[in-house]
Amino acid sequence: MNKALRNPWIYAAFIAPTLALYVLFFLYPVFQSLYYGFYQWDGITDKVFIGLDNFTRLLHDKVFEKAFWNNMYFLIFSLVVNIPLVIVISVLISKVNRLRSFYKSAVFVPVVISTSTVAILFGVLYNYESGMINQVLRSVGLDSWAQEWLSDPKLAMLSLLLANAWQNIGFFIVLCLAAILNIPREIVEAANIDGATSWRETRLITLPLIRPVMFVMLLLSVSGTMKVLDIVQIMTNGGPFQSTEVMSTYMLKVGFRSGELGYGSAIGVAMFIIILMMTGILQLISRRREEVRY
Amino acid sequence: MAKTLQSLSSAEERYSPAPTSSRSLWYKMRQKRLPFHFALLIYIVVTLFPLVWLLLSSFKTNREITVNTWALPKAFNLDNYRAAWESANIGGYAFNSLYITIVSCLLTLALAAATSFALARMKFRSLSKGVYSFILLGLLVPSSALFIPLYRLVNDLHLYDKHWSLILVYCTYALPITVFILHAFMISIPGELEEAGIMDGLSAAGLFVRIILPLSMPSLVTVTILNFIGNWNEYILSQLFISSEAKRTLTTGMATFNDGYRTNFASLSAAVIMSIIPVLAVYLFLQRQIIAGMTAGSVKG
Numbered sequence: 001m002n003k004a005l006r007n008p009w010i011y012a013a014f015i016a017p018t019l020a021l022y023v024l025f026f027l028y029p030v031f032q033s034l035y036y037g038f039y040q041w042d043g044i045t046d047k048v049f050i051g052l053d054n055f056t057r058l059l060h061d062k063v064f065e066k067a068f069w070n071n072m073y074f075l076i077f078s079l080v081v082n083i084p085l086v087i088v089i090s091v092l093i094s095k096v097n098r099l100r101s102f103y104k105s106a107v108f109v110p111v112v113i114s115t116s117t118v119a120i121l122f123g124v125l126y127n128y129e130s131g132m133i134n135q136v137l138r139s140v141g142l143d144s145w146a147q148e149w150l151s152d153p154k155l156a157m158l159s160l161l162l163a164n165a166w167q168n169i170g171f172f173i174v175l176c177l178a179a180i181l182n183i184p185r186e187i188v189e190a191a192n193i194d195g196a197t198s199w200r201e202t203r204l205i206t207l208p209l210i211r212p213v214m215f216v217m218l219l220l221s222v223s224g225t226m227k228v229l230d231i232v233q234i235m236t237n238g239g240p241f242q243s244t245e246v247m248s249t250y251m252l253k254v255g256f257r258s259g260e261l262g263y264g265s266a267i268g269v270a271m272f273i274i275i276l277m278m279t280g281i282l283q284l285i286s287r288r289r290e291e292v293r294y
Numbered sequence: 001m002a003k004t005l006q007s008l009s010s011a012e013e014r015y016s017p018a019p020t021s022s023r024s025l026w027y028k029m030r031q032k033r034l035p036f037h038f039a040l041l042i043y044i045v046v047t048l049f050p051l052v053w054l055l056l057s058s059f060k061t062n063r064e065i066t067v068n069t070w071a072l073p074k075a076f077n078l079d080n081y082r083a084a085w086e087s088a089n090i091g092g093y094a095f096n097s098l099y100i101t102i103v104s105c106l107l108t109l110a111l112a113a114a115t116s117f118a119l120a121r122m123k124f125r126s127l128s129k130g131v132y133s134f135i136l137l138g139l140l141v142p143s144s145a146l147f148i149p150l151y152r153l154v155n156d157l158h159l160y161d162k163h164w165s166l167i168l169v170y171c172t173y174a175l176p177i178t179v180f181i182l183h184a185f186m187i188s189i190p191g192e193l194e195e196a197g198i199m200d201g202l203s204a205a206g207l208f209v210r211i212i213l214p215l216s217m218p219s220l221v222t223v224t225i226l227n228f229i230g231n232w233n234e235y236i237l238s239q240l241f242i243s244s245e246a247k248r249t250l251t252t253g254m255a256t257f258n259d260g261y262r263t264n265f266a267s268l269s270a271a272v273i274m275s276i277i278p279v280l281a282v283y284l285f286l287q288r289q290i291i292a293g294m295t296a297g298s299v300k301g
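Top to bottom, those sequences are chains A and B.
Residues 1 to 294 (the numbering used here) are what the first sequence spells out, left to right.
Residues 1 to 301 (the numbering used here) are what the second sequence spells out, left to right.
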């Protein structure tokens, strides 16, 4: 009777277009990327096979090393500043009943704005003469704190991290809040009956039970910060003096500005391997841990 | 049960402060929550203040922004908006973005829905399993690692500087997560309705269009929002693939405008506000769906 659902022609017709696009624009570039990585190639003259030279060069490339550590700054900032703040704000929102949906909608506003717009917005805010940050500092009498936020190599990275945090925190808050509100009411009520205070309830019930979402936030932070690009490219493009260079801006510069397509592809492959290794290690660690059960 | 009740009442005795009226208890509760509200409001004011600042700046002259920083604009003149609209071609860019976003969303929806139906409902179990895991591999590789080969490919296919390059690439990179979400939804639909449809003589395509698609509406809305916002906000690929001024999308157009007008804050503010307003307006009406749609993408974590 299920003949209709065994029609191989329809099955093929439903799957083939998806697979065609997928193979052409995804699988083929993946292999091309690996393939280019073994060649010296400027995109115009003939490719020269150089084996692993691009990858050994990468290991000794000071700029790439700097870029990698800048990506790590993004990750560390996310883990040390963003995620704790996310947890605090989500717990606070979960404790109030009134205005809860207002808070949720308000924190999510920066998330719907495009990264390129956020980058432009913060470029304006960070301006030395008339940007909001310096004007706020001046109006509270901290004139000497006014800084060249984006053109001082010591501060540019911090300025980017703050702009990036401003945009991303709302997303994590909504994820985290959903997990907190998903904790069965009985558990919370039982704790309240046992006389748990608000603080104890948070520490002993909420935080342990939202460990899975914390892990999701960790994974998203790793993959998000290792490939961060738009905001850096528009705000500083890696400058001043490559103080904010990240792996992907470096890859684009090598590949498109210097025209070293082979080396650029090798950087892309390295990025992919780094992300895969980091998320893979995290998955392994998490599998050892016990699953949370209600 | 009795024991629970007993402990309940003893708990109440222990923890409710002597004989208080319900009103002062309510007052105490409210008082307890006030610091929370206070902290949250501070957080929200700090977060949203940059946008308010920008809105006020967009009505000021450049001189006013520097000198009368904290004053409201002298007059709500729209000169900045006119200047930004004329010099930044925001209308044209927004149209390009809208066109590319809608076409690639529809394409993704059609392809992913058909594929998910075939994989989730048709009777080719083992083959489907393989195809499904093959497509989900796409979630592992970040598109940012593939810019160089993608750029070459687009050139080789003679798609460079054509909107179709973006439409096809956006569509391809949205497929894995879209198939993941739709497949999960479709596989949970019970088989009875389908069987009734087969009795009525529907073919597989008929079952897909008449039965499974209408039932999958909620998940179709979710993935459309997810993809719409992703495509609308995409920046780097549109910068790599599109070179002519008239074909730029809103994100790249704004970035170019930013480079040219770095010191003209009044116009820049107006341009940014104009590019934000449509997004915020849509967000105002579809908050719940947008939040659900955008966070749905994180399940891949």
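These aren't lab readings, by the way, just hints derived from the structure by calculation.
If you're wondering where the values come from, they're calculated on a predicted model, not measured in any experiment.
Please note that the accuracy of each hint is not assured.
As the list claims (entries may be wrong) - Derived DSSO-like pairs: lysine-lysine, alpha-carbon spacing no greater than 27 Å straight-line:
id : chain 1 : residue 1 : chain 2 : residue 2
1  : A       : LYS66     : A       : LYS104
2  : A       : LYS3      : B       : LYS162
3  : A       : LYS62     : A       : LYS47
4  : B       : LYS247    : A       : LYS253
5  : A       : LYS253    : A       : LYS154
6  : A       : LYS227    : A       : LYS95
7  : A       : LYS253    : A       : LYS66
8  : A       : LYS3      : A       : LYS227
9  : A       : LYS253    : B       : LYS162
10 : A       : LYS154    : A       : LYS66
11 : B       : LYS247    : B       : LYS162
12 : A       : LYS3      : B       : LYS247
Unchecked claim - Listed next, the stretches of chain A that the computed footprint assigns to chain B, with coverage defined by at least 3 CB atoms under 8 Å from CB atoms of chain B:
id : stretch
13 : 56-66
14 : 151-160
Even for Gly, the Cβ is constructed at its ideal location relative to N, Cα and C.
Quiz item: Which of the listed hints are broken here?
Solution: 1, 2, 6, 8, 12, 13, 14
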